[in-house]
Amino acid sequence: MPANELVLYQEEFQRLENSLRQLRQDASARAVFVFDKSGQQIAAAGETDQFDTTSLASLTAGNVAATDGLAKLIGEREFSTLHHEGQRDHMHISIVGKRAILLVIFDERSSLGLVRLRVKRSSVEMEKIFEEMQEKGTRAADGQAPASPFAEITDEDIDALFSE
Amino acid sequence: MTFINYASREINCKIVYYGPGLGGKTTNLQYIYSKTAPEAKGKMISLATETDRTLFFDFLPLDLGSIRGFTTRFHLYTVPGQVFYDASRKLILKGVDGVAFVADSQEERMDANIESIRNLDENLREQGFDLQTIPYVLQFNKRDLPSALPVDVMYRALNFKREPTFEAVASEGIGVFDTLKAVAKQILVELRRQ
Chain A
389 MPANELVLYQ EEFQRLENSL RQLRQDASAR AVFVFDKSGQ QIAAAGETDQ FDTTSLASLT
449 AGNVAATDGL AKLIGEREFS TLHHEGQRDH MHISIVGKRA ILLVIFDERS SLGLVRLRVK
509 RSSVEMEKIF EEMQEKGTRA ADGQAPASPF AEITDEDIDA LFSE
Chain B
5 MTFINYASRE INCKIVYYGP GLGGKTTNLQ YIYSKTAPEA KGKMISLATE TDRTLFFDFL
65 PLDLGSIRGF TTRFHLYTVP GQVFYDASRK LILKGVDGVA FVADSQEERM DANIESIRNL
125 DENLREQGFD LQTIPYVLQF NKRDLPSALP VDVMYRALNF KREPTFEAVA SEGIGVFDTL
185 KAVAKQILVE LRRQ
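Taken in order, these protein sequences are the chains called A and B.
If you read the first sequence in this note's numbering, its first letter stands for residue 389, the second for the next number, and so on.
If you read the second sequence in this note's numbering, its first letter stands for residue 5, the second for the next number, and so on.
Heads up, none of these hints are tricks.
Partner residues are not named here, just some residues of chain B that face chain A (Cβ under 8 Å, in silico): (1) Phe7; (2) Lys18; (3) Gly69; (4) Arg72; (5) Ala91; (6) Lys98.
These are computed hints drawn from the structure, not numbers from a lab.
Even for Gly, the Cβ is constructed at its ideal location relative to N, Cα and C.
Extracted from the complex, chain A is given alone in its bound form (with noise of 0.2 Å):
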């Protein structure tokens, strides 16, 4: 079995919005966004309230997957990086470490280059983060970490999720 669970805790969450909130100023974004690979937002900035997140989430894991298959088909391990035109808005999309997708969304207040270079850099922060996630994971696998939540759920609780 891979390892199937993502566990975000307080501390990460905020290290990773810092830096999405320092690549949002510095690549004068309208937002950013992490997802990770099967479709799920982990964090955001900027103007995110703008957006049907949770869709946005989806489509995007679904585009990453799709073109992940397309690289392959030609040998190419992957393609890093997607970039969308629009008329207003733009997308740059790409992988962060294994499994995440960082996203941004601009418009004529930034550019191409600029977004590229900036999203390069804080790449590396990222995923820093993302093996520190990683490895406190394994560690309360293990059993030295704080314990999911989920270990001491009753089949009441369970039940009590469909009674309504």
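Chain A is fixed; fit chain B onto it per the hints.
Structure of chain B alone, referenced to chain A:
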């Protein structure tokens, strides 16, 4: 992939509806969408062809309420059932936590059901999962059609590991929520076990 977020106190899980083409996977999601309170659901996305066949996936985010102070959120996906979309099906299985297999009860679709389960088994393996151990439920859809095979015949042919099995008429909502609840429960039980 189960995602536990301590910062926002949320837990997110991914359920994939699998099965042969025109079996009713999208109809399951549409019914769930239509019967869920607005505050408990997000937008339903369907990436379909011009003739309404699923091209890539349907997606429906659903809040089931909270468990031990954590908001429990399920992301429901369907795969395109048509045989030639296999590459897309593999992608959608990435990070899956549980699978609901929607079988078509019509006699003439039995071969397609069997082929699709075999395909699911193979594609899960490729992603590093095992159908023997992953949370899994089976739904016999279209029970209202005259050519529907008897349930025991279908059970013998399609049941893989004595997984919970439900009769359904997805277009009328029969069996739809039973199927969803059964797979969601298995995922939560699995989470406790881990």
